[in-house]
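Novice: One letter stands for each residue in the lines below.
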Amino acid sequence: AQSVTQLGSHVSVSEGALVLLRCNYSSSVPPYLFWYVQYPNQGLQLLLKYTTGATLVKGINGFEAEFKKSETSFHLTKPSAHMSDAAEYFCAVRLGTDSWGKLQFGAGTQVVVTP
Amino acid sequence: GAGVSQTPSNKVTEKGKYVELRCDPISGHTALYWYRQSLGQGPEFLIYFQGTGAADDSGLPNDRFFAVRPEGSVSTLKIQRTERGDSAVYLCASSFGGTGELFFGEGSRLTVL
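Same order as they appear, the protein sequences are chains A and X. So the first sequence is residues 817 to 931, counted in our numbering. So the second sequence is residues 1093 to 1205, counted in our numbering.
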């Protein structure tokens, strides 16, 4: 079975500070992992994904995440927060192996950026 | 339009009524997914289509929920005898091939009174 735990439902960061969003997963098959972002009044948008290969993956808008199998983690980081990063972020793991889009999502982390 | 379109954006209905939610995916996307997002939670998988057929409907909560995609494009999620617990945002997403990227619509917010 697959599951996703996001630590912290709300995170507040100062503009220019590091953004760190934590995600731990469990998976009975080799995990495919995703981070999606939801800006206000918009649909979810893919930030980045890990399937196989390089464990440090880079995404859009300066975000990156590192897959650590030993820690079953896939934390999302950005070195310097911008006001435009205020959004809700969801970590997800693929359910099973027959579809790319059948995902188990975490509960989400709301990011607030303060000036 | 260029993105995934969902209608209606908001639907308020009474307990026991029938509801249809529509999804118009990105042109050419062969796979279409329905998710449900309750307040304070992440999206929950309901069903996905590959072309016209439902490839996996294991997430549908019970037989009051049904979805169709008759021509391999537009999909309709149908909910019979709605209950207050069905209140949520229903999300539709589409994808092309094995890219691993879902394109989501803005959702249909359903409120059952």
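It should be emphasised that the hints constitute simulated quantities derived from the structure, not laboratory data. Here the structure is a predicted model, which is why all the values come from computation and not from measurement. The reader is advised that the hints may include incorrect statements.
Coverage of chain A stretches by chain X, computed from C-beta distances (three or more under 8 Å per stretch; other residues unrestricted) [as the list claims (entries may be wrong)]:
1) 861-871
2) 881-894
3) 909-916
Note that the Cβ used here is the ideal one computed from N, Cα and C, for glycine as well.
Novice: With a Cβ-Cβ cutoff of 8 Å, does the segment 861-871 of chain A contain at least three residues near chain X?
Specialist: holds (count 4)
Novice: Can the segment 909-916 of chain A be counted as covered by chain X under the rule of three residues or more with Cβ-Cβ separation shorter than 8 Å?
Specialist: Since three or more residues must qualify, the claim that chain X covers the segment 909-916 of chain A holds, with 4 doing so at under 8 Å.
Novice: Does the segment 881-894 of chain A contain three or more residues whose Cβ lies closer than 8 Å to a Cβ of chain X?
Specialist: violated (count 0)
Against the hints set out earlier in the document, a violation occurs for number 2 only.
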